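For the protein sequence lines, the chains are L and Y, in the order given.
1 is the number of the first residue of the first sequence in the working numbering; add one for each residue after it.
1 is the number of the first residue of the second sequence in the working numbering; add one for each residue after it.
Don't take each hint at face value.
To list a few chain Y residues with every Cβ distance to chain L over 10 Å, as calculated [what the hints assert, rightly or not]: (1) N22; (2) T24; (3) Q45; (4) S79.
Computed cross-link-like contacts, SDA-like style, restricted to lysine to any residue with a CA-CA straight-line distance of at most 20 Å [said to hold, decoys possible]: (5) L:K53 x L:L11; (6) Y:K98 x L:P61; (7) Y:K110 x Y:T70; (8) Y:K56 x L:N99.
Hints were generated in silico from the structure; no laboratory data involved.
The structure presented is a predicted model; accordingly, all values stated were derived computationally and were not measured.
Built from N, CA and C at the ideal position, the CB exists for glycine as well.
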Amino acid sequence: DVKVTQSSRYLVKRTGEKVFLECVQDMDHENMFWYRQDPGLGLRLIYFSYDVKMKEKGDIPEGYSVSREKKERFSLILESASTNQTSMYLCASSLSGTNTEAFFGQGTRLTVV
Amino acid sequence: GDSVTQMEGPVTLSEEAFLTINCTYTATGYPSLFWYVQYPGEGLQLLLKATKADDKGSNKGFEATYRKETTSFHLEKGSVQVSDSAVYFCALREYGNKLVFGAGTILRVKS
């Protein structure tokens, strides 16, 4: 079974902290994604990576950065956490190709206080 | 850019009722279309997909047909169960490999 593992289910951080969300997949997928899920807004793409060290901005990249140094790991970084970044963060991975399925992690519920 | 529009929820149905969740899309090319489901406390999982016009995806009694002429991919099920209560997301994927989601529709099924 494909497994996408996010490092934490719940996180509480203070305003201004630098926050790292880690995601690891075990199926040698080229593509990895970070989404933010908010009620009524669905899933909004923050960043997308199509290969090691390659990334593209999604719809809401402001306040976030990403790192993909190894194929299996995709990290989301909040440079200076703010309360409006309190949300559920979902990581996903897939093979390349428009008809391929994406596999999701369980999500990280981040609260910034 | 590409976008997906779903009917607003929540949708509340009695057990064994017929379900339709509407989904329409805007895309520049010929995307693949997906329905994902999120059960309480879990991540998203693929429910079904269709990769070209007139294809029908089906799984667990759910069906959706790729309608290019109406740019739609409506989800249907003939008889819902309490265990179908979840959030349903319509999504598309095309050139560039980005996966774009709708806002999600909450389904509540009462016994």
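Checklist entry - Does the claim that Q45 (chain Y) lies off the interface hold, with its Cβ farther than 10 Å from every Cβ of chain L? => result Violated: least Cβ distance 7 Å, not greater than 10 Å.
Item to check | Non-interface label on N22 (chain Y), tested against every C-beta of chain L at 10 Å | outcome: Holds, because the least Cβ-Cβ distance between N22 (chain Y) and chain L comes to about 15 Å, which exceeds 10 Å.
Next on the checklist: Need the status of pair K98 (chain Y), P61 (chain L): alpha-carbon distance at most 20 Å?
Outcome noted: Answer holds: K98 (chain Y) to P61 (chain L) is near 14 Å, not above 20 Å.
Checklist entry - For the pair supplied as a hint, K53 (chain L) and L11 (chain L), is the alpha-carbon distance within the 20 Å limit? => result Judged against 20 Å, a Cα distance of about 26 Å means the pair is violated.
Checklist entry - Can we trust that S79 (chain Y) is non-interface, i.e. its beta-carbon lies farther than 10 Å from all of chain L? => result Per Cβ check, S79 (chain Y) is outside 10 Å of chain L; nearest 26 Å; holds.
Item to check | No chain L beta carbon within 10 Å of T24 (chain Y)'s | outcome: 14 Å, holds
Checklist entry - If you draw a straight line from the CA of K110 (chain Y) to the CA of T70 (chain Y), is it 20 Å or shorter? => result 32 Å, violated
Next on the checklist: Hint check: K56 (chain Y) vs N99 (chain L), CA-CA at most 20 Å. Holds or violated?
Outcome noted: 14 Å, holds
The structure fails to meet hints 3, 5 and 7 from the earlier list, while all remaining hints are met.
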